[in-house]
Structure formats: structure tokens, C-alpha cells
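Residues in the sequence shown are numbered consecutively from 1160, following this note's numbering.
Bear in mind the hints are in silico, worked out from the structure with no lab data behind them. Treat the hints with caution; some may be incorrect.
Restraint ranges, calculated between C-beta atoms of paired labels, are given here [what the hints assert, rightly or not]: (1) Arg1182 to Arg1292: 55 to 61 Å; (2) Ser1587 to Gln1407: 55 to 61 Å; (3) Ile1581 to Gly1536: 20 to 26 Å; (4) His1410 to Gly1239: 44 to 50 Å; (5) Ser1365 to Gly1481: 38 to 44 Å.
Where a beta carbon is used, it is the ideal one built from N, C-alpha and C, also for glycine.
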Amino acid sequence: MMMAPASLLQVRDLSVSFRISARRVVHAVRQVSFDVPSHTTVALVGESGSGKSVSSLAVMGLLPPDVSIISPASRVLFDGIDLLSLSARARRQIRGKAMTMIFQEPMSSLNPVLTTGFQIMEVLRLHMGMGKRQARERAIALLDEVGIPDPGSRMDYYPHQMSGGQQQRVMIAMAIACAPKLLIADEPTTALDVTIQHQIMELIRSLQERHRMSVLFITHNLKLVAEVADRVIVMRHGEIQEQGSADQVLHAPAHPYTRALLACHPPLVGRPWRLPVIEDVLENEPVSALAPADVRLRGYTEKDAPLLVVNNLQKCFYLRDGLFGRKALPAVKGISFTLPRGKTLGVVGESGSGKTTLGLTLLRIHSPTGGQAVFDGQDIFSMPDAAFMAYKKRMQIVFQNPFASLNPRFTVGQIMTEPMIIHRIGESAQERADEAVEWLRRVGLSPDALSRYPHEFSGGQRQRIAIARCLTLCPDMLVCDESVSALDVSVQAQVLNLLQDLQDELGISYLFISHDLSVVRYMSDRVMVLRHGEVVEMADADMLYREPAHPYTRALLSSIPCGKPV
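Required output: the full structure, derived from the provided sequences and hints.
Written as C-alpha cells, this is what we have:
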């Protein structure tokens, strides 16, 4: 009789390499070994490029076969079965049924031309052999279980008709459709606001208890790990640095790298002058204490000269209603604020609150429906397009999605120098290339990145390229639309320190849009809270976090991961 394995998933000496060219092989994972016991949550944490996602894709059998090389000594045992010894067909019978995966970008994972209901039903019909009617009934029940309102109607929605949080819930419904034994969640909450993030994590935890699943949770958010994980595995440069119980790893870390990761988080209490980065801790540099001399003073003062004054900004989108009519969908409803030179206005709120629409309308990417925006004394909404061209250099934006904001056909060098060519910065191609190298260095990337393409970088590295591209123009105002949401904590700290240095050095103003309230607190002089396109509260950052006046603000702050169980 075959004995049951000690753990549901056993990974032994996993080594993965990628063949980049005939002469170049990159070693992504080196002799990684870990267990995922039954009915437990194991967190796999580390920086971008540490090998977390590659390890999970190797377990799932989703690595590209033409370029990936798995060492013959590697073993991946699932429920006693060696997955690496199975044929592709046998592997598919396990994948999607007994073990499933939630990916980081639901909009990239869901088929945009198929309804969400069809995609869930497809899983049920393929793996469970259900008929069309039975699969539809089961899909509706699954959507209801993951908290999708009116699931019978939402079955016929396409992915783009749902919010990011709802798309992620659909992905979870697909993942649990066949009652899997193992659920792998690869950064499932990275792009979600704090309240939706809290709901998704609570949903995964409740589903795990209800279905008795094991969960391999991949993330760079250690505060989130502390709330959900039983065990923690810390990876760096393709190797495991430390693993153990969550309490041991997060509260008494043995490895300097783990201590460094924990130190990089923006604190919820106080505001240090700079955030420590990985190298500070690994090189035994003392982490700055929050003594009065180390605290950066924030807030607006009467002496601050305004750079941008917005009065009663309104933005409506219109949908067809009947044959000749149209229906107005107000996204921004009469917002007014002032952004002084060299200051940061943080903008927070849930998905759909109007944060991104506000930023895009200010840059005239969306046409305003009403209101006024005075930038450096000029009403930028009333001026013609030709006159506004000169202001595009002075007003830049870092978009939320680094996968969509970089041209996949351009090298990084072309991506970096194109804005300089358009705005006639630099006397020669060499001078522009040197400037590009300098900005890449300042955001933590090496000069050899210039000759590479966006697909050769991780999501966090792509976001750093997007930020560096904007900074080549030395703008007066930068709209940061979730610009650090894709970055791990160390790189996030590095970029936030860079943004602070640039503000101190060049007097750049930031409209800082984010769902990470701890990052907003660290960056902002003043914070504006949006809900349904309206301002519900606006105050200096310290005052708002210390004494929130509106119930909605208090609800947002209560959803911040604090390292305690949900």
C-alpha cells in the first residue's frame, strides 16, 4: 500500500534555466526545496527576479518548453506523483482540476472576447464533464460564492465590463471550480485598492477553510503575508534564503535579507526622512530611527506658491441609450484643489472612485466636461492643442500598467530617447543615450538595459523604465498613477526615495494616486479622499491619518494590512 505523502506538494532541488540565445543561458532558480503541507498557506516572498513566479510556473508545468530547462535532478511531487515525469497530456489532467493558479493580471489572463460565464463553464465542461445547463448553474453558484453581485446577469458580462476586483473574483471562481487541492496565487492583490485587497484575502482564506485547500501565496507584500500565511519562504536571486513558520520568519528573522525586506516598508506611524533599502541593511548600515531630527515635515503652508489650481473639475462619459439617446456616467463630480510647487497631493479611494480619470483629465488625455485647471497661471483646458504641446513636457504621467505603457517593438533605449527627440532635448544621439543611462542608473537599472526589449524585464523593472522615461524630460508636475504598485518593497523604497530627492532638488510637484495608504502617507503633504467621483475629505497627511473625519476614510484606513490575522 502506498503511504500518503508528508506534504501535498514537495519541491526538491528545483533548478530552472532559460536559453536566451545560442551562447547565453540564464539560471533563474537554483536548487530550491520546500513543502506545502495539506490545508495550509505557504507564502513565497522576495523581490522581482527572485524566482518566485518561475518556481510556481515550474510546479504548474507552464514554463515555455522551447526556452526553459529544468535540471534532471529536480523533483516536484504532488500528492505523491512526480509531475516532472508525466506526459503533457497527463499533466493537463491535473492542472486546472487538482491544482490551479490565479495570475497577477486578471485582464491579461481572461479572454477579452469571451464572457466571464463562458470561461468558467469551459473549465467545468473540460475537467468535470458537465453539460451546458449544469455548467451554467454551477458557474452562477461559483460567482455568487466569490461575491459577484447579481451573478446570473454577470455571467454574460465581458471582462472589460467588470472592475479589477471583480475580474480577480472571476479568476478565483475559475480556480476553485473543480475543488482543487492546491491553489497557487501569484500576486493576486497587487493592483487592487486596500478594501478590495482585504476582501480578496478574506475570500481566499474563507474558501481555503471551506474547501480544505492548500494555498501557495506569492507576493512581495510582507504585511499581507503576516495576515494569511502559516509558513514563509524567502527567495533572492533564485535561491531560498530562509524558511520557517510565519511567526518565526516575520518576527525573528534569521537572515539579513529577510530583515532588510521588513525594514523597507513605509511605516504607518511617523515619516522618516528616507526609507532604508536592501543594501542599507545588508551592509550593516543603521536604519534611521524616527527621532524628531529624522522626520520629514509635511503639509501645505501659506508661503507655498501654487503650480496647479483646479476648480469644479467635471468629467462625464456617455453611453448610447436607445437609438438616438445617450446616457451620462459622471466619473468626476466638481473636484477642486490646489497643488503647490514642490509639494505632493496624495489621492486615495477605491476602484471606480475617479482617481485615474482625474489624472488623465488634468493631462487632457480625457477631455473635461466642465471646470477649470490653471497650470502656472494658464488655463490649460481652454488653450488650443498647439499651445498645450509646450505643457506636455512639463506635465508627465507614470501609468499604472507597465505591460501596456511600453512599446513592445522598441528597445529600452528607443523608449527612453523618443520623448527627448520629440521635445528636442540633447544635442546628439550620444548625449541623449548618456542621459538615458543616467536615469536608468538612478532608478536601479544597469546600462545594458538600453539594448533590451520590455518583455525581457519583470513587471517591477518595466515600471522603473516607465518612471525613468518621464524623468528624462525633467517635468514640473508628475502624475503618479499607481506608479509603485507593481514594485517590490525594496525597489519601491528606492523609487520613493528617488522621487523625494527629485522633489527636493528640482521642486517637482506630484499628484500621487495610489491604493497603498502607507505609501501615500510617506509621500504626501496633503491627502484627498475620493468616493464615487467626489471629494469626501481633504487634509494634511498627518492630520488625516491621525484623526480621519469621514466614516469612509476611517473604513479605508482600517483595511490597511498591519501584520495581524484577517
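Range agreement (Cβ of Gln1407 with Cβ of Ser1587, hint 55 to 61 Å):
With a Cβ separation near 56 Å, Ser1587 and Gln1407 satisfy 55 to 61 Å, so the hint holds.
Verdict for Arg1182, Arg1292 (Cβ pair) under range 55 to 61 Å:
holds (56 Å)
Is the distance from the Cβ of Ile1581 to the Cβ of Gly1536 consistent with 20 to 26 Å?
Holds, at about 25 Å.
Indicate whether the distance between the beta carbons of His1410 and Gly1239 respects the range 44 to 50 Å.
34 Å Cβ-Cβ, so the 44 to 50 Å window is violated.
Assessment of proposed distance window 38 to 44 Å (beta carbons of Ser1365, Gly1481)
holds (42 Å)
In summary, the one numbered hint that this structure violates is 4.
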